[in-house]
Structure formats: C-alpha cells, structure tokens
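A.B. asks: Okay, here's what each chain looks like letter by letter:
There are 4 protein chains.
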Amino acid sequence: MTGRKVDPAHWAVIEHRVLNVVAQQGFMKHVGAQVVHLAPGECTTQVERRPELLQNMGFFHGGCIAFLVDNATAIAASTLLRAGQAVLTAEYKLNFLNPARGDRLVCRARVVKPGRTLSVVTCDVYSVEDGTERHAATALATIAVVTLPP
Amino acid sequence: MTGRKVDPAHWAVIEHRVLNVVAQQGFMKHVGAQVVHLAPGECTTQVERRPELLQNMGFFHGGCIAFLVDNATAIAASTLLRAGQAVLTAEYKLNFLNPARGDRLVCRARVVKPGRTLSVVTCDVYSVEDGTERHAATALATIAVVTLPP
Amino acid sequence: MTGRKVDPAHWAVIEHRVLNVVAQQGFMKHVGAQVVHLAPGECTTQVERRPELLQNMGFFHGGCIAFLVDNATAIAASTLLRAGQAVLTAEYKLNFLNPARGDRLVCRARVVKPGRTLSVVTCDVYSVEDGTERHAATALATIAVVTLPP
Amino acid sequence: MTGRKVDPAHWAVIEHRVLNVVAQQGFMKHVGAQVVHLAPGECTTQVERRPELLQNMGFFHGGCIAFLVDNATAIAASTLLRAGQAVLTAEYKLNFLNPARGDRLVCRARVVKPGRTLSVVTCDVYSVEDGTERHAATALATIAVVTLPP
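Chains as they are written, first to last, in our numbering: chain V, 2 to 151; chain U, 2 to 151; chain Z, 2 to 151; chain C, 2 to 151.
One thing to keep in mind: the hints can contain errors.
Which copy is meant is left open, because identical chains are indistinguishable; a pair holds if it fits in one copy or across any two.
[What the hints assert, rightly or not] Capping the alpha-carbon separation at 20 Å, the derived lysine to any residue pairs in SDA-like fashion look like this: (1) Lys6 / Asn99; (2) Lys30 / Glu49; (3) Lys6 / Arg83; (4) Lys30 / Pro151; (5) Lys30 / Arg51; (6) Lys30 / Leu55; (7) Lys114 / Phe60; (8) Lys114 / Pro100; (9) Lys30 / Arg5.
In case anyone wonders, no lab produced these hints; they're calculated from the structure.
Okay, chain V solo, but in the shape it has when bound (with noise of 0.2 Å):
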C-alpha cells in the first residue's frame, strides 16, 4: 500500500481529522505513545520506555505492545476513509516473537487490503535497543468500515 497517491489538499484534512481523533484518546495518553509517521494506509507510533508500561522482568508489558497495534492498525485504516466514515476495530491477532527489550517501542502499521466495509491491516512491533530493532511482535487485524449517521 507504500506510496498511495492522494490529493495534498486532501490528504491534510485527512491527516487533521485522523490527529484530531487520537488526541481525544485518554489511553493513548496515558500511555504516552505518539503518531510519528502518517500516510495513506499507514501509520507508525512509537513509546519510550517507562518504569509503568513494564511487566515484572523489566519488558515492555504484552498489554502495552497490544495497545499499539490495537491504535496503530484503527488509525492506519482511518486514513483511508472517506467523509462520513469511520472505523471499528473487527479484530486482530498478536504474536509475540522477542521480550521487549530496550528504549522504546516503534510500531507500524499498513494496510494490505482496503475494503468498502473491511480492511485487513498488517502491524510489526520493534523494540529499539541501543540503536536496533528488533521484532517484538507481528499482528494481523480486520477493521470495519461503518458509516456514520448523517
């Protein structure tokens, strides 16, 4: 989905309603993540490393790398919405493949399939340690595309 072509004019009321709609996320909040990359069927965030988002070995927590893909993918679809649309989380999967070492996590999201009212999106999850990535987790979700009340 890399390199979608879309209007400019358009794609910046896109991106202002997709920021807009995660700035009212008191989760996203508190768990201090931010969108560090938008595009058309994309979306990356990223989290550094705090005592409160670690399970009891000192790794980043499950929960947390599941918040990020749960965030990640919804906002990765929502980008290709169009007025009067918008996503609900269907479902996804999550597989842990590395503990989550490091600094910070870096989460991206694509999507591999848009649908008029399904797209499946993809999601990797890297911890960053000492300046590498490694994969932490890889996720595989179905958002459903709803259409508001007029």
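Chain V is fixed; fit chains U, Z and C onto it per the hints.
C.D. replies: Chains U, Z and C alone, transformed into the frame defined by chain V:
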C-alpha cells in the same frame, strides 16, 4: 477447567507467587486493574472507568481491553505451573463484540487445554453498565510454559 | 444463542436455502462431510474417517479440521440471514488442542454475536474414539453479512 | 528468512525427509496440492482448479485455502528442524482478502521467527487468473517444535 482439585497448602503457595508477580507489573498498576478471582486454571480481573482508559468516543479503549486479555490469560495459565516454570505469551486473538460502555470492565480467563509446553486459554471481557454485564470482547490465547534456568 | 425463537415456516425456508447452498459445494462433497444439526445460530457437521482425510501419522489432517471450521462457522452465521443477504467469511483463527484420532470428527459452530454486518462465531471440533469425544480444536471466526445485488 | 545458508548435503537430507512426510499425507493427495518450492524456512505449494475444490459460487472453497495454509506453514517450519524433531501446528489465523477465482492457487509460507520450541510463520495465498496473481488470503501461524522420543 472449573473445579480442578488442588491441595490447599499447595494452592496457597501458587496464589502467593502469582499475585507477587502481578504486583511487580508496572503496566498493571498504571492501568489500575486488579485480580478479583484466582483459582486453578482461572483468573478474573477488573478495572474501573477512568478518563485515561477511554478512547475518543468515551468507551473503554480497545487497547485497555487487550491489556486485560493479555494479562488475565497469562495469569490463568500460570496458576497451573509447577515449580521452576514460567509462562510466556505466544499469541492471542481477540474479537470486539460491543462498545465497552459503563463503569467497569470485568475480564474472565479460563484454561481450556493445559499443556506441558503450551496452554490454550479462552477469555471474555464484559462491560458493566447499571449493574448489567454486556459482552465486550472474546479472545483465544496460546501461552507457552517454559522451564526457568536453575 | 441456543434457543433462539423463530417462526417454524420461516425456519423451513431458511433451512432449505442453507442446505441447498451446502449441496452445491464441491469441496464439501469431496471431503464427505455432512450437516447433522441446524438451528438458528447453530450448525453441527461431521465426517467419517477415511485414509484420504489423514496426515502422515494417521490422524485427521489439520486442513480437514480447518475445512470443517470454515464451513460450519459460515453455515451457522447464514442461518440468521434475512432475504437478499449472504455470508462471506472474513477470517478465523483455530487452535489445535489434541491429535485428532478416532473414527469421526464432529464440528459444532455457534454464533456468539450476530450482527448486521459482522457475526462472530465460535466453533469446537471433537474427534470421536470408541464413542468418546475428545477436544481436537477450538476456533473463533468473523463472518461478514453482505447484501446481494437485487 | 530468505537466503538462509545451509550445507547442501544437509539440505538434501532435510528436503528428502520433508517431501517424504508430505507424500504420506492422504489429504494432500486428496486435495491434489503439490510442493513446488522448498528452501530453508520457505515452502510454496499449489493446486489446480477442479470442481471438487470449489464452493457454491464457483470460487475455490475457503476450506481448501485453509488446507494450503495449514500444510505450507508446517512444511516451512519443518525445513528448519534438527534430527529427532518434528513439527506440530499450535494455531493459525487467516484472513480472506479476495474471492479465489481462477485456474490455480499458489500458497507461499515463510518462517519469520524460528524458535527452539515455537516458530512463527506467515503465509499468503494467491489465485492465478489469466496469468495474474491476486491476493486471496493472508495468514499467521504458530508451529510447535517437538522432540521425538528416541
């Protein structure tokens, strides 16, 4: 798995160890969730509504629900460990069924197939509104049982 | 979902339509599976052991189990359709619990959340050995409800 | 995982063992699928269109696609085994992306994370119509690596 029999003294040791691990999880405290029921192969957790757990429409954030699933499924599997073993979540999948309105989330995990190396756990999350439970999400998890180095 | 009430005449129409669709599936015949129970939101299928359904160790092949899950979940969801609607499987996940030995597989699917555009269906597959059922697999499926062009 | 290096003589042994296991699968023959590419961590299979592999609308049956995913992911993981080990599929999830029209299905599985006890494998299924591939399904599998009794 309900009604597994276990020696009460042995269970007290397990319960103490499990709750001790949970108490060391920064993210559990940050979300503010609590273990409210623990039995062999079972774990129930809950969390009260707070603005920092919500998404932009005022429902509990999907990432908060995913955290509960992540944690409760691993805890349920960990109640069946033997000495020198630990759990490591391999993967899970969750389906969102209804918007999670209300005052509280209740998350119930139950081992459906305990294994020497893999346990399969189901999990259901309910939102509680005016005392009534509504099915918010259902999940299926695979938890690896690993032997710790001595 | 057990015990949904439905007008008997209406149900006869649905049952006829569903079984008619199933009868047109070449792969269903090729595997040799049969619908043995159908009710609103429910479908049970089964298949007898034959050498061509097995894997190299003599158990039922995982792909045969996946076929049963694929079919029974879609059929269960299709019992709740209105006129002019059809089902389209969006995705499913299945966990294998025990080797599928024995003479027969029984697959039970049940809608846990019917929806206007998405239904969520759980499914369990049992192998029957000497008259005893053993849990072979458990699954969770998302079935899209689509409106057919007139 | 593409491009893993392996001693050619050792690879010949692995290839022979893997193809030998596949040849003993009754369901593989019944579906009529074939392994068309095998490399360390990779497996591609394909199957030609036949009426007995279809569903009621004339597309390849979802259960046939699931069979390909089931088999190719396990085979891909099995190419990385050491002597005395075997694979056992723990679970997988698949998303259907487009109706599987056309003359042939091609299924490509690739290990994304090999492990001592669990390997994670991605898999994509394409339908080939007039020489053009169309993405039919994408999947994510967890394959257990078990040590056989001596």
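A.B. asks: Please list, smallest to largest, the hint numbers that this structure does not respect.
C.D. replies: 1, 4, 9
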